[in-house]
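There are 2 protein chains.
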Amino acid sequence: MTRERLYLYDTTLRDGQQTQGVQFSTAEKVRIARMLDDLGVDYIEGGWPGANPTDSAFFEAAPQTRARMTAFGMTKRAGRSAENDEVLAGVLNAGTPAVCLVGKTHDFHVTTALGITLDENITSIAQSVAHAVAQGREVLFDAEHFFDGWKADADYAFDCLKAAHDAGARWIVLCDTNGGTLPGEIGEITASVIARGIPGDVLGIHTHDDTGNAVAGSLAAVQAGARQVQGTLNGLGERCGNANLTTLIPTLALKEPFASRFDTGITDKALSGLTHVSRVLDDILNRVPLKSAPYVGASAFAHKAGLHASAILKDPTTYEHIVPETVGNARIIPMSNQAGQSNLRRRLAEAGLEVARDNPALPTILDEIKTREGQGYSYDTAQASFELVARRHLGQLPEFFKVKRYRVTVERRRDEKGRPISLSEAVVVLLVDGERKLSVSESLDAQGNDRGPVNALSRALAKDLGTYQRYIDDMRLVDFKVRITNGGTEAVTRVIIDSADGQGRRWSTVGVSPNIVDASFEALLDAIIWKLVRDGAE
Amino acid sequence: MTRERLYLYDTTLRDGQQTQGVQFSTAEKVRIARMLDDLGVDYIEGGWPGANPTDSAFFEAAPQTRARMTAFGMTKRAGRSAENDEVLAGVLNAGTPAVCLVGKTHDFHVTTALGITLDENITSIAQSVAHAVAQGREVLFDAEHFFDGWKADADYAFDCLKAAHDAGARWIVLCDTNGGTLPGEIGEITASVIARGIPGDVLGIHTHDDTGNAVAGSLAAVQAGARQVQGTLNGLGERCGNANLTTLIPTLALKEPFASRFDTGITDKALSGLTHVSRVLDDILNRVPLKSAPYVGASAFAHKAGLHASAILKDPTTYEHIVPETVGNARIIPMSNQAGQSNLRRRLAEAGLEVARDNPALPTILDEIKTREGQGYSYDTAQASFELVARRHLGQLPEFFKVKRYRVTVERRRDEKGRPISLSEAVVVLLVDGERKLSVSESLDAQGNDRGPVNALSRALAKDLGTYQRYIDDMRLVDFKVRITNGGTEAVTRVIIDSADGQGRRWSTVGVSPNIVDASFEALLDAIIWKLVRDGAE
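Just so you know, the protein sequences line up as chains A and B, in that order. At the far end of the first sequence sits residue 538, using the UniProt record's numbering, and the numbering has no gaps. At the far end of the second sequence sits residue 538, using the UniProt record's numbering, and the numbering has no gaps.
It should be emphasised that the hints constitute simulated quantities derived from the structure, not laboratory data. Each residue gets a CB set at the ideal place from its N, CA and C atoms; glycine is no exception. Hints are not guaranteed to be accurate.
On the chain A side, residues computed to face chain B include the following (Cβ under 8 Å) [unchecked claim]:
1. G448
2. N449
3. I516
With a straight-line Cα cutoff of 27 Å, these simulated DSSO-like cross-link-like pairs (lysine-lysine) come out [what the hints assert, rightly or not]:
4. B/K151 - A/K314
5. A/K404 - B/K417
6. B/K463 - B/K481
7. B/K314 - B/K402
8. A/K417 - B/K404
9. A/K404 - A/K463
10. A/K370 - A/K314
11. A/K291 - B/K417
12. A/K370 - B/K463
Could you put together the complete structure from these sequences and hints?
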């Protein structure tokens, strides 16, 4: 059976830039556009040329893509012709094959926000679309606040769509701009638009996540007949974000009733790179990936409940709705207090350690993990530290070096002008290949600002590892989490450190002590040792 | 018009604990249960008594709640009677008014995961429910994998429900355990169950967010007739999490077609505390609040796009689907500072500071709070530090003493037997009443164990405050949380310290610095100063 084509429109570079705290550089935009093209979306909305320098520069530097590069802008303002509107001209001058023009369809917005008459607005829509079509562009009309507009005055809202459609727009995009329309209503209104005469195969859907329903609203519109879905990678976007394409793409590709009915143009191979795409975007934006993200989150296939973990070992489909590898993700069975030896073997295998069922180290590893969890360690996320504990018992952990001692000093005083200044200093003494290595580091960064004692310690520790130095030069500390927890009856500090390296690996280690500096030191040490093991240092 | 009752069932303390990296202590469970009760949910599922020590301890320490406290467990195992199943006995022995028993309804799981016959499973369900009902409990039956089971064998899945219903279960909860069923199908299957004879007012819905549709699936089930909604605060839960009650509660209370049709029992006042509840839970778990969270996220009402921001100033309804204050959240308009003065006055009043509407300090306090939040401070829980910022601007904060300098040393070395030992030492120099006070403390506790640098610093700081010493003798540090966050473009450390005193007061203070010791020192100082203010020191 031939599947019907369903088009994907990505607005990460435009609506995604409205995320609080997100500001793309031109180079980042180019990199993301390439990634989107490799993923296989149909349209890439690159920005609003003329609205800000980055967007204008992007269109000048825009990469060649198979996807249709699209410039965003708004319909001409009232009181001037489409030809004489310099904002519209800026959009068309970007020279993209497609342009997406946003216009009002909600009477209240026409009169309140624009302050023009309802007829003037319809004229602006019709003339702007016709003008862009006359220049040979594929035109999309973004019907802003369409669902609210329909509820306020369905006739007027529909007339706006019809004006764009009659003027030659290829797509009419129904936007739930404020994100307040629930999926049921989105489906019903989309069906009504089709019933009134605008065919579903020119309709697009653009939702926001203000009620946590952006994905469901998009699916409801597709079920009602819309054939273009707009969204952003990782659900970036203003307020609560746009419909998350990272969630929608696998849902449309893998789940019924969509999978057998629609072809989104995303290949299986591209789909299996989805988790990577999601993580790379977070890396570009220096955001911590959301563990609980559907399909691509680090926890999306993590089975913590004891009952689930044991059933998963019998048959993964018992507690997984899709095969994690289809989206490039992986199953995780965290060590919890109920976990048994078979979980342990599975987890060791994931770390590349094949251990026979009757290996006598298995019960001792399990015991040590349990004892350590009782002391406050947590191995849910700190897989690298878990692996080191196991390797130690399996006799697969060389002693690369010895820590003889360290000392950290934190000082705060007033400078000659009476301003408080602080400074940390760390001394670490290691024994590497029988040689005593003394290293000292301060906590000052390139700008002369104090970055604190853990920073000083981390630098002193990584300063001179002798023969091993070359393995750790591309390492960096990317996250650092501290919490007070119970170790036996005493409160202890648990530090979890995330590290990354030049090969794109990211790993977590844990340290526990009543002394936060000690706990940090332990996690830092584990991070370095894991890296040496993985890189095959000897 | 009378609205129909829709029941809310919270499982934060049970399913929420399956979140990777989340491990509640008993005290935290008690605190969260109280918070849920204040919020006004109908049921609080406290855990699985007998499954682990924390859950058992919680039921022994469970607070008195208006909400029905519920113990979770599973139906009896095959081959023994309900009376002789010690797992079931453990659940009933917790003595809660309600019990929720999970059982299989999917033929594949009965034969593959349990390895028993289909009839044996139905007998287990019927007898377990009947046994709990006979003990006078309100019984909920959690129909695990119900939607997948229905798709595989609707007759068998229905027979499982019917067995529980006939045995006297008050609620039959339809669970989409693997989270793979889309909202459309959830609605259809729920309607089919009702059409087959189990009334909607005994049906509950329990969804997971593996396709990003947990909220939409819950809404679809309610529209189809289900009358109990299960979920967790902040969408905690295994894998991608459970249906997010923090999203569902305002949607059901404020959005149509739900708001005018259903009464969830949540008062307007409780609803206006929802953002606070969400943040406090994150604080307890030391998680970074999700900015883009619907309704309660810090970005949920942030208007970054220039067009949106200017329209918002004309009329907020142009780009907001609800009024942010209804859920205790606030509008954020970058470049505009007019939001929040009335919020600020309300918060000052809570701290006992009545400030007139036209007090010129109000805008400067607001500015400083916003500037500090930009630097990484967070005042959601650190009410005591917030109060000190305000008092400083209001001229209501005496300078009790001056900090001249401090120095902390952390050392780790090997003792004479080659064992690693660590020790911290802190020196603090204060100026009190014109007198220079030098204090030094070590980090060793009464047992001679190192408690770390913050402990040493805290003791040195509180060692000799001269005339103020008597005010702080009953103070102690009860919790200490550290998080890496962004301050401007740099990563900084945020420390939140909870202190308590002999009068039973508990207060939180915050410090921010790239240097964790500095950040801790700032929070410790605030804690002492707040105590001096509150106790009327002069």
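Task: Agreement of B/K314 and B/K402 with the hint, judged by alpha carbon distance not exceeding 27 Å - done: violated, 48 Å
- [ ] Below or equal to 27 Å on CA atoms is what counts here, so check A/K404 against B/K417.
- [x] Holds - the C-alpha atoms of B/K417 and A/K404 are around 13 Å apart, at most 27 Å.
Task: Distance restraint between A/K370 and B/K463, which requires alpha-carbon spacing of 27 Å or less - done: violated, 39 Å
Task: Proposed proximity, A/K314 with B/K151 (alpha carbon, max 27 Å) - done: Satisfied, since the Cα-Cα distance of roughly 21 Å is no more than 27 Å.
Task: Proposed proximity, B/K404 with A/K417 (alpha carbon, max 27 Å) - done: It holds: about 13 Å lies between the C-alpha atoms, which stays within 27 Å.
Open item on the list: Is the interface hint satisfied for A/G448? The criterion is a beta-carbon contact with chain B at less than 8 Å.
Closed with: violated, 12 Å
Open item on the list: Holds or violated: A/K404 and A/K463, Cα atoms, limit 27 Å.
Closed with: Holds - the C-alpha atoms of A/K463 and A/K404 are around 15 Å apart, at most 27 Å.
Task: Minimum beta-carbon distance criterion (8 Å), A/I516 to chain B - done: The hint holds - A/I516 has a Cβ within 8 Å of chain B, the shortest such distance being about 5 Å.
- [ ] Would you mind confirming whether the straight-line C-alpha gap from A/K370 to A/K314 stays at or under 27 Å?
- [x] holds, 24 Å
Open item on the list: Run the distance test for A/K291 versus B/K417: straight-line Cα separation, threshold 27 Å.
Closed with: Since the Cα atoms of A/K291 and B/K417 sit roughly 44 Å apart, the hinted pair is violated (cutoff 27 Å).
Open item on the list: Against the 27 Å threshold, does the CA-CA distance of B/K463 and B/K481 hold or violate the hint?
Closed with: Given that 27 Å is the threshold and the Cα spacing comes to 23 Å, the pair holds.
- [ ] Tell me if A/N449 is really an interface residue toward chain B, meaning its C-beta lies closer than 8 Å to one of theirs.
- [x] holds, 6 Å
The earlier numbered hints that this structure contradicts are 1, 7, 11 and 12.
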